[in-house]
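Peer 1: Sequence:
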Amino acid sequence: MARIRNVFEIIELYGHDENFVPHVSEEFTPTAAPAGSRQKIDILAERIQRGMPLWHPEDTTDTADLIAAGNSA
Numbered sequence: 006m007a008r009i010r011n012v013f014e015i016i017e018l019y020g021h022d023e024n025f026v027p028h029v030s031e032e033f034t035p036t037a038a039p040a041g042s043r044q045k046i047d048i049l050a051e052r053i054q055r056g057m058p059l060w061h062p063e064d065t066t067d068t069a070d071l072i073a074a075g076n077s078a
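Taking the working numbering, the leading residue of the sequence shown gets 6, the next gets one more, and so forth.
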């Protein structure tokens with residue numbers, strides 16, 4: 006049987022994600038991308054596609070840049 010690469014494949018196979026265990030490797034590194042930014046969303050999407058956990062415990066949680074950008078409009 007082929008290795009399950011991400012949560013989408015396990016849902017397709019079993020109809021749920023209860024059996025999915027994210028893969029952690031040295032490529033699973035934290036990001037300084039601000040929460041909610043396009044860059045952060047792209048990083049999260051890549052993590053999911055690669056079968057990694059969505060959140061890294063050392064990801065930044067700073068939203069100051071996004072709040073400032075929203076107030077300047």
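Derived by calculation from the structure, the hints in this document are not laboratory data.
Be aware that a few hints might be false.
Said to hold, decoys possible - Per label pair, the in silico range of CB-to-CB distance: (1) G20 <-> A69: 13 to 21 Å; (2) R8 <-> A69: 17 to 25 Å; (3) N24 <-> W60: 25 to 33 Å; (4) S42 <-> G20: 29 to 37 Å; (5) P62 <-> N11: 17 to 25 Å; (6) D67 <-> R8: 19 to 27 Å.
To be verified - Straight-line C-alpha distance at most 20 Å; calculated DMTMM-like pairs for lysine to aspartate or glutamate: (7) K45 <-> D22; (8) K45 <-> E32; (9) K45 <-> E17; (10) K45 <-> D67; (11) K45 <-> E31.
Ideal placement from N, C-alpha and C gives every residue a C-beta, glycine not left out.
Peer 1: If a hint holds in the structure, say so; if it doesn't, say that too.
Peer 2: Hints and how they fare:
1. G20 <-> A69: 13 to 21 Å: violated (42 Å)
2. R8 <-> A69: 17 to 25 Å: The hint (17 to 25 Å, Cβ to Cβ) is violated, given that R8 and A69 are roughly 40 Å apart.
3. N24 <-> W60: 25 to 33 Å: Taking Cβ atoms as reference, N24 and W60 lie about 20 Å apart, which means the hint is violated.
4. S42 <-> G20: 29 to 37 Å: holds (33 Å)
5. P62 <-> N11: 17 to 25 Å: holds (20 Å)
6. D67 <-> R8: 19 to 27 Å: violated (36 Å)
7. K45 <-> D22: Outside the cut-off at roughly 23 Å; violated.
8. K45 <-> E32: With Cα atoms ~16 Å apart, K45 and E32 stay inside 20 Å; holds.
9. K45 <-> E17: violated (26 Å)
10. K45 <-> D67: holds (11 Å)
11. K45 <-> E31: Between K45 and E31 the Cα gap is close to 19 Å, so the pair holds against 20 Å.
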